[in-house]
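Asker: Each chain, written out:
There are 4 protein chains.
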Amino acid sequence: MERWDSNVGTSAFHMPEWMIQFADQKQEFNKRPTKIGRRSLSRSISQSSTDSYSSAASYTDSSDDETSPRDKQQKNSKGNSDFCVKNIKQAEFGRREIEIAEQEMPALMALRKRAQGEKPLSGAKIVGCTHITAQTAVLIETLGALGAQCRWAACNIYSTLNEVAAALAESGFPVFSWKGESEDDFWWCIDRCVNVEGWQPNMILDDGGDLTHWIYKKYPNMFKKIKGIVEESVTGVHRLYQLSKAGKLCVPAMNVNDSVTKQKFDNLYCCRESILDGLKRTTDMMFGGKQVVVCGYGEVGKGCCAALKAMGSIVYVTEIDPICALQACMDGFRLVKLNEVIRQVDIIITCTGNKNVVTREHLDRMKNGCIVCNMGHSNTEIDVASLRTPELTWERVRSQVDHVIWPDGKRVVLLAEGRLLNLSCSTVPTFVLSITATTQALALIELYNAPEGRYKQDVYLLPKKMDEYVASLHLPTFDAHLTELSDEQAKYLGLNKNGPFKPNYYRY
Amino acid sequence: MERWDSNVGTSAFHMPEWMIQFADQKQEFNKRPTKIGRRSLSRSISQSSTDSYSSAASYTDSSDDETSPRDKQQKNSKGNSDFCVKNIKQAEFGRREIEIAEQEMPALMALRKRAQGEKPLSGAKIVGCTHITAQTAVLIETLGALGAQCRWAACNIYSTLNEVAAALAESGFPVFSWKGESEDDFWWCIDRCVNVEGWQPNMILDDGGDLTHWIYKKYPNMFKKIKGIVEESVTGVHRLYQLSKAGKLCVPAMNVNDSVTKQKFDNLYCCRESILDGLKRTTDMMFGGKQVVVCGYGEVGKGCCAALKAMGSIVYVTEIDPICALQACMDGFRLVKLNEVIRQVDIIITCTGNKNVVTREHLDRMKNGCIVCNMGHSNTEIDVASLRTPELTWERVRSQVDHVIWPDGKRVVLLAEGRLLNLSCSTVPTFVLSITATTQALALIELYNAPEGRYKQDVYLLPKKMDEYVASLHLPTFDAHLTELSDEQAKYLGLNKNGPFKPNYYRY
Amino acid sequence: MERWDSNVGTSAFHMPEWMIQFADQKQEFNKRPTKIGRRSLSRSISQSSTDSYSSAASYTDSSDDETSPRDKQQKNSKGNSDFCVKNIKQAEFGRREIEIAEQEMPALMALRKRAQGEKPLSGAKIVGCTHITAQTAVLIETLGALGAQCRWAACNIYSTLNEVAAALAESGFPVFSWKGESEDDFWWCIDRCVNVEGWQPNMILDDGGDLTHWIYKKYPNMFKKIKGIVEESVTGVHRLYQLSKAGKLCVPAMNVNDSVTKQKFDNLYCCRESILDGLKRTTDMMFGGKQVVVCGYGEVGKGCCAALKAMGSIVYVTEIDPICALQACMDGFRLVKLNEVIRQVDIIITCTGNKNVVTREHLDRMKNGCIVCNMGHSNTEIDVASLRTPELTWERVRSQVDHVIWPDGKRVVLLAEGRLLNLSCSTVPTFVLSITATTQALALIELYNAPEGRYKQDVYLLPKKMDEYVASLHLPTFDAHLTELSDEQAKYLGLNKNGPFKPNYYRY
Amino acid sequence: MERWDSNVGTSAFHMPEWMIQFADQKQEFNKRPTKIGRRSLSRSISQSSTDSYSSAASYTDSSDDETSPRDKQQKNSKGNSDFCVKNIKQAEFGRREIEIAEQEMPALMALRKRAQGEKPLSGAKIVGCTHITAQTAVLIETLGALGAQCRWAACNIYSTLNEVAAALAESGFPVFSWKGESEDDFWWCIDRCVNVEGWQPNMILDDGGDLTHWIYKKYPNMFKKIKGIVEESVTGVHRLYQLSKAGKLCVPAMNVNDSVTKQKFDNLYCCRESILDGLKRTTDMMFGGKQVVVCGYGEVGKGCCAALKAMGSIVYVTEIDPICALQACMDGFRLVKLNEVIRQVDIIITCTGNKNVVTREHLDRMKNGCIVCNMGHSNTEIDVASLRTPELTWERVRSQVDHVIWPDGKRVVLLAEGRLLNLSCSTVPTFVLSITATTQALALIELYNAPEGRYKQDVYLLPKKMDEYVASLHLPTFDAHLTELSDEQAKYLGLNKNGPFKPNYYRY
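Protein chains in written order, with my numbering: chain A, 4 to 511; chain B, 4 to 511; chain C, 4 to 511; chain D, 4 to 511.
Everything labelled a hint here was simulated from the structure, so no lab data went into it.
Among the clues, some could well be false.
Which copy? The list can't say, so a pair holds if one copy fits it or any two copies do.
In the DSS-like style, the derived pairs of lysine-lysine whose C-alpha atoms are separated by at most 27 Å in a straight line are [what the hints assert, rightly or not]:
| no. | residue 1 | residue 2 |
| --- | --- | --- |
| 1 | 500 | 116 |
| 2 | 468 | 116 |
| 3 | 500 | 340 |
| 4 | 468 | 358 |
Keep in mind that this is a model prediction, so the values were computed, not measured.
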């Protein structure tokens, strides 16, 4: 039996009252839904906590202050000093950012409102380690509104928005994070969240697994009181499954990365738009009539192919999995091996999660002006390292755009040095971040409130009913009206009127 | 733990040598792939064995012969009389039909060729109960070529093609089936397959569960020797799960209805085309500019919506499941309740699997000329019964097309009396039937050859590797070229080079 | 200066009051818009008056009556005998057909209502020669309602619906036409329309040019009183331009074939749907994943390509015109020469208007099972004659479907023997016929009412304002709401608020 | 007769030998086709010569030099001083820019190669007034290579790239232009091009009409030697038609703005991509599920609608022209009046060419967060002026993005202050500029070489054959292979094998 199937039985699962009636929800938070004004920082880049974070920027200029936050003595306006941020005085600016983000995250705001009576996280002591952005702040303050105590560190040394961290600290959240931490700072911050006198966490929210790792290494006894881990990143989830396999996972963990709603938005829907955006912003190219090969026809590849086909490109697909390959055929794409089209295509896009999909040999055979980029998980899909040889000249022609020039003058256009195009050269819409944050909040609520025995020391997917609930909270944005089952219909289908509506194996 | 997750662990699973190398398969059977010449009979209609089968027809006219086949004494050219068909003399015509079908079912023909050395079904004694058509004949003869002995009855009293049954009998397959059986004939035929002196089945291939039911009822001891059941229909699968729940399932059963490949072709890909075909053949309407509401955004609904949008219709969607609802939004369809648009739409299509989705109240409010049809599983999605009232006049204007006329002269156009539009008013392409038949053959091979203990007395989904294999056998039709993992890549991904390539929970 | 530009100056052109306000038209005829119930006969096939008309059929069986209508003495219920139809007693059935068609032709019905006060055709004596179908009857009776006297013959010896002709005769229209005329009958009927004592036509409505030809040949003096010719077919228009070139055109003629609205519906919109319908009805093939080459990227080709791409086919295009070729590129189709893809494609569709686009050499190189069909104007696009050689075997496998079999067993599937697929194997929606009939009616009104000197002895396109008016009359079907220019906006744009809205060279 | 129809008769028209064989052109210039490296400057913004040009930038920093170029004494390396640019020393950098542009303008480079023997512009003395960019430089140097002498000024005081101007001067082209001219400088530069001792222009290439205006005003006698004017902008073309109407146009003029190829690329194809790009770059919004209304369904509107529909938006259309309205219906868009949807839409896009399409009243009724932008010709489509009232607060949140805030807190997001979104917030691909420049070059060749009498003192559209030639020169970029007519086919169609292939009224 595969560990992946460790879903809790749906019949054993009951949602609290305040969650139930999503068919006719009021649209009270739908009033200010549009992401406008500032580029949002992506949430999902945590390949490692020391990745450089290309687009991160402070809104206000604080570069003149060279003192390390660790050496400063700061207090918020209430005299509290249990935090460590760059500059508490930036709080007001950060608060405004958070307020704008609130307008664009209607689901979390709806959650605050619905659960305010019941306080489903009352008693929860959550330690979190994520990017610190306005969107995360909305999440953290939502957890607070639901009754939780939180302590928070950054999962990436570059990605913190200092003003937002200041605003959280001003509001009384113990935040330990600033932009430009050293590695030592990084672990120090995490430790300050965990190692507190008179306070012990009973829930973990992690993004990348560093916080979980630290507690395993330094404070293994802490797990006795911990009710569960919620992990969002591919990397962190992978680590958890390894722990589980090794029999070392000592609390339930929830893999929210693979929930249906989050997956569809992070991959299919988001990439359908960001492939066009990333290519345009970097190259100003015209899509019409271009020949493109997309390597990999999973959700990301499906999104890229659909968008480019719609813009008039001629798209070829490569695949290793015959089922996805057959889907590509039925969707109208010629299925080829990369070598068959490498000489003729204008653009090559990798979306495989694999390594060395585009090799130096492929790069040698591309035509002049060919554009190469990566939309997949791994930085190694394109063998960029193989291009660092003396006979090739690199020319940086624009931010994120390199021309690699062959001795005969041929140029290959490499975007973002083979890193993720959509994170490096595009932005992640707040709506996508809202899906993720809502999923995290619900996973925390579920793990914290689950009766004894529902979850064992294993890695679980988000219960389908919770997944459906995340989706339902986002429907008002589209003025979308859900139909409710009649009693007779529910009986006929053998379903509860409030879901879950599909068996676990349903593919969407 | 949900029973639906009863997949065999992929790590424990090995494919025989002859299956393995699908990446570079030769295309020897790709030569005559096109379905041409005759309307194929649909395979999947077995709602019950006595449903009328609207498009069924004999190729040759044998109506003059009124004698019951049970009363005839017939022998094939080798003197064999272990069969019961309408007229053994029609064998030659049927053989030609089978030969045409062979050209359109390249996957089964490839299977014959690959497995001819090994004979993976050597020793298998298969009793089958399906529609008897040219496509089924290709399946039966493939099973024979792989080493099996087969006995066969029809799963529907109307759907047998007499000429094909004759051809099978002539080739030595004991077939008991003709077009227009009585219910008594139906069970007699099944019994003649099962109850044979000196022969006892060890495998069951069923479509609808009638054969399985008969053995349970009459010959329960037979299960001692039976290695497994392969069931294809929704109805039959439902029965098996009920048996399993009740603890009465005494052999492993394989639910091939829910394999990925079959599902996508039966639902998404097939319906994307047949919704247009069914509407055109019945009404000659123009799609451009029409307002349509599609009830249900599962695979069938997704196919219908995509096709109609592409033809210039304006499409609305209703849903009960918030996840599917959010997908509809992201795909560009307004999500409404049926009442919101019922007065303005030109066409209503149900694809829910639910009952009374379109009620008499809805029908009363539709505008004049509105077309109503059903693409879903159930006959009860449209409450047709509610239209059988004295104040409404029914006028049959064409085969499968009724005008229901209100007292004020308003006409509602009801297609196929609310039965499945795609089966009643369209045809199922042979390519779709080929996917199903290949899935059945591989399921039989797997169950028959599985080592002790791999399968218990439960209902299983087809192992993903088998599902992938079905897909791979159909790629040559599209001249599609699969990429093979390098050793290094397979290691990096932690995959076997020959699959399975995805975790069980993967959604495609 | 090209004769094609002979549009009347738009500034010199005024519409009558009753036409003007189309922005807010009431939707009184929108109540029963759906084509249902019977297959409509196509209107546009008149390649010659003796073409066989494959789908023509009488609704009632009158084949037992072998007497020629010319030999019968018939009177309608009012005692009138100025007509010649198959059987006046079929009038009632025909009337019902006409009533159904009226519901599907809202634009003509709106015209009747709007113009009923003014009678813009008062005094017009129209002689017509078209197919005689329910749709034409709606046109003829509309002309009558607008004040015209009409006499009518058929433009094709097979296409008359006898019941409809009877209904027209019963209502007092002198109709001379029946299904299955001899060539002698054909000209006799035309002559009976023209050569009447005490009645001389002053307008001609022709489809194919035979009526015009007859008057030129037999009664040239009649042109002195004729105000104009309205011609609908490509063939007839071609003849008129030849007359004009030769200086022999002695009255103004209006080419309604090339009006914008009619062209878009006859070609782009109609073919986008009928290519799918024609292929499905003949072959039951699946479109997904199929490789298709479309020869010609004019309106018909654009429609075919868009539809097949949307259904998941991989589409290649051939073109001779570089502008259309560039459009194909920008729309995402690979532009090839036929030879480049002839061995790999599954379907070949010609839409060029050219001859020998698919040659015997191409046919020799096609793969087994390849489907060949024609959507273009000419019967000679596929060199079908070259296939009538002894070494090839023809096998008729279904109506309109031939297998042509090469000595090595290869089969090519030829549809409709190379004739127009959409007319032979599909149906023309009534909505398309409504566009054409409305265009004809407006052209007659315009020519009849034009002030001296507006039109000379030349061939004209329909004035743009009339073209716009045809479109506006069809918008209510879609519940479409046109925006009206404010006075200020009209002034800013230099336009009349009621149109025309575009310069003559505008391309749409 | 409308002046718009003033096309030269196609039969009177012969192309020179070197143009003819475009079906099998070699792809020698296809080697480096991709636009990469720098944002190109748009060519088409010349609403007036003093418009601010938002994205214009020098590549190198020359701001430290405050001396007016008119006061400087500069010589190029050959000692020539007949030019006036910012800094001749920047020539090398500018040359590199031109070389990159050459790779992206294959059609002009092909023209150079084909015409190098014949020198079709030998003896031509062209005075030009356009934006001075790398793409224009490729055009100017092409004209030189074809035999012309050129003198050049800028048509906009902000748009000159100083480095490119320097490179042209260094190569011996008398260029008078720099970034940041005063209005006095602007006319001085034009005068320096025209008013030269011993040199008198015989051809004019204008963009906006300022050069033409200057000659009319100051040197009317010069027209005696001028063979023709080629004008590209809407504004300039409008001026020419006014001159013609007033009987004051004293030489032939060619309106290249309305050639088929240029129109399709400037409008349909370019806007299909730039609407997405412009919206993403300014707002980072997600398109999926958004409700959008597009005002105007001409080429620009069609492009916007197609793109947004493909990205999953729900699109409504408003129109005044019933023909375009019917097209919108058939393409699957609901046709509404703006008021019907103003409260519900997330985005409003104007593409009408009209004024006050979006009024203050509309703006008052929009929902919070609604985005408003303009893709049409006119700056006045959105009544931006009406928003400059005291009760509304404007907040600039990003470059080109304003929040207009109502007293109740509602925000409307206004992009580019209602100016053209695609020019302000997106870039024009070089491929589109290449189409325009090639059209200009061919128009100059045609007017210069036309035999006496072919063109009179009127405004002409580019002959169709030339239009086709422009298209054919761009096909190699797509590796597109044109089919050639056989002699037999050409005869059958009554066409010349080398085109033109369509009548003038053909709509594409």
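Asker: State the violated hints by number, sorted upward, taking the hints as numbered earlier in the document.
Answerer: none
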